[in-house]
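*Asks:* If you read the protein sequences in the order shown, they are chains C and Y. If you use the working numbering, the first sequence closes out at 230, no skipped numbers anywhere. If you use the working numbering, the second sequence closes out at 230, no skipped numbers anywhere.
Treat the hints with care, since some could be wrong.
The list makes no distinction among identical chains, and a pair is therefore deemed to hold if it is satisfied within one copy or across any two copies.
In silico lysine-lysine, BS3-like type, Cα no more than 25 Å apart, as pairs [what the hints assert, rightly or not]: (1) Lys170 <-> Lys194; (2) Lys126 <-> Lys204; (3) Lys126 <-> Lys194; (4) Lys168 <-> Lys101; (5) Lys210 <-> Lys170; (6) Lys126 <-> Lys192; (7) Lys192 <-> Lys130; (8) Lys114 <-> Lys189; (9) Lys218 <-> Lys170; (10) Lys194 <-> Lys210; (11) Lys114 <-> Lys204; (12) Lys170 <-> Lys204; (13) Lys218 <-> Lys130; (14) Lys126 <-> Lys218; (15) Lys194 <-> Lys218; (16) Lys168 <-> Lys218; (17) Lys168 <-> Lys194; (18) Lys114 <-> Lys210; (19) Lys192 <-> Lys114; (20) Lys101 <-> Lys126; (21) Lys101 <-> Lys210; (22) Lys192 <-> Lys210; (23) Lys114 <-> Lys194; (24) Lys114 <-> Lys218; (25) Lys189 <-> Lys168.
Hints in this document: simulated from the structure, not taken from any laboratory. The structure presented is a predicted model; accordingly, all values stated were derived computationally and were not measured.
Protein chains: 2
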Amino acid sequence: WKVGKINHVAMAVPNMEKAASMYRDVLGAKVSEKMPQEEHGVYTVFVELGETKIELLHPLGDESPIQNFLDKNKSGGMHHICIEVDNIEEAIKDMKAKNIRTLTPTSKIGAHGKPVIFLHPKDCNGVLVELEEA
Amino acid sequence: WKVGKINHVAMAVPNMEKAASMYRDVLGAKVSEKMPQEEHGVYTVFVELGETKIELLHPLGDESPIQNFLDKNKSGGMHHICIEVDNIEEAIKDMKAKNIRTLTPTSKIGAHGKPVIFLHPKDCNGVLVELEEA
Chain C
97 WKVGKINHVA MAVPNMEKAA SMYRDVLGAK VSEKMPQEEH GVYTVFVELG ETKIELLHPL
157 GDESPIQNFL DKNKSGGMHH ICIEVDNIEE AIKDMKAKNI RTLTPTSKIG AHGKPVIFLH
217 PKDCNGVLVE LEEA
Chain Y
97 WKVGKINHVA MAVPNMEKAA SMYRDVLGAK VSEKMPQEEH GVYTVFVELG ETKIELLHPL
157 GDESPIQNFL DKNKSGGMHH ICIEVDNIEE AIKDMKAKNI RTLTPTSKIG AHGKPVIFLH
217 PKDCNGVLVE LEEA
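Using the sequences provided together with the hints, build the complete structure.
*Replies:* Have a look at this one:
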């Protein structure tokens, strides 16, 4: 398997309209509509900036996986980075062989309809790293 | 002025060798040598992942601007994102007109020899945003 480009950098934001406006109206970037991702417990907005996007995340529902992050980071902050791989199952085998923990035992289908897996921040220098099959 | 691509995502790391090894030996990315940036108080390593790089930062000297971040985030973490602009002086004028604060009154020469400026995290949804003239 081979590593590819950075697909996106995800930021959790307390106010989606304000955050989208900052990227659209202040920086002049192309910004998508706000989309509910029911199965992931988040609203998403994508900011297009070349081949790597910024993904703005805001909680959806009572058990959103980013609520805890926003409770600790009230102004918002960088939440994770998503790196593409060409073959996620081979990449996962290799992570396990190299003692990099994954947050789930197997890959899941992510917001883009592609299989993804998260690597444990403690094994990635304090950074939550998502791998996504390109 | 126009916004461009994401130049890099910077991560502060407590152990540069371990961090570089994770990207080089586990993920298989191309990783630069460790470089001292005396005037910025950091060591840098660049990880090449398509057109957006990861910049690994480790403190250099007693007054490194990232020591405080590492004191609060002992495992490391995402520190800032750098977005390219085609004309930084025009961009700075526009930021001021739109009430986005900058951390310094004027641009400075950054690690790549290009003028850069940092925007205040409080005006950018909790995220430290660097603008770099491409």
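*Asks:* Each of the hints needs a verdict: does it hold here or not?
*Replies:* Now the hints, each set against the structure:
| no. | hint | in the structure |
| --- | --- | --- |
| 1 | Lys170 <-> Lys194 | between (35 Å within a copy, 23 Å between copies) |
| 2 | Lys126 <-> Lys204 | neither (28 Å within a copy, 27 Å between copies) |
| 3 | Lys126 <-> Lys194 | between (39 Å within a copy, 18 Å between copies) |
| 4 | Lys168 <-> Lys101 | neither (30 Å within a copy, 29 Å between copies) |
| 5 | Lys210 <-> Lys170 | neither (30 Å within a copy, 33 Å between copies) |
| 6 | Lys126 <-> Lys192 | between (38 Å within a copy, 21 Å between copies) |
| 7 | Lys192 <-> Lys130 | neither (36 Å within a copy, 27 Å between copies) |
| 8 | Lys114 <-> Lys189 | between (41 Å within a copy, 21 Å between copies) |
| 9 | Lys218 <-> Lys170 | both (23 Å within a copy, 10 Å between copies) |
| 10 | Lys194 <-> Lys210 | within (24 Å within a copy, 38 Å between copies) |
| 11 | Lys114 <-> Lys204 | neither (31 Å within a copy, 28 Å between copies) |
| 12 | Lys170 <-> Lys204 | neither (29 Å within a copy, 30 Å between copies) |
| 13 | Lys218 <-> Lys130 | between (31 Å within a copy, 22 Å between copies) |
| 14 | Lys126 <-> Lys218 | between (34 Å within a copy, 22 Å between copies) |
| 15 | Lys194 <-> Lys218 | within (14 Å within a copy, 39 Å between copies) |
| 16 | Lys168 <-> Lys218 | both (18 Å within a copy, 15 Å between copies) |
| 17 | Lys168 <-> Lys194 | neither (31 Å within a copy, 28 Å between copies) |
| 18 | Lys114 <-> Lys210 | neither (29 Å within a copy, 30 Å between copies) |
| 19 | Lys192 <-> Lys114 | between (40 Å within a copy, 17 Å between copies) |
| 20 | Lys101 <-> Lys126 | both (20 Å within a copy, 12 Å between copies) |
| 21 | Lys101 <-> Lys210 | both (15 Å within a copy, 24 Å between copies) |
| 22 | Lys192 <-> Lys210 | within (21 Å within a copy, 40 Å between copies) |
| 23 | Lys114 <-> Lys194 | between (41 Å within a copy, 13 Å between copies) |
| 24 | Lys114 <-> Lys218 | between (32 Å within a copy, 12 Å between copies) |
| 25 | Lys189 <-> Lys168 | neither (33 Å within a copy, 33 Å between copies) |
The structure is inconsistent with the numbered hints 2, 4, 5, 7, 11, 12, 17, 18 and 25, although it conforms to all the rest.
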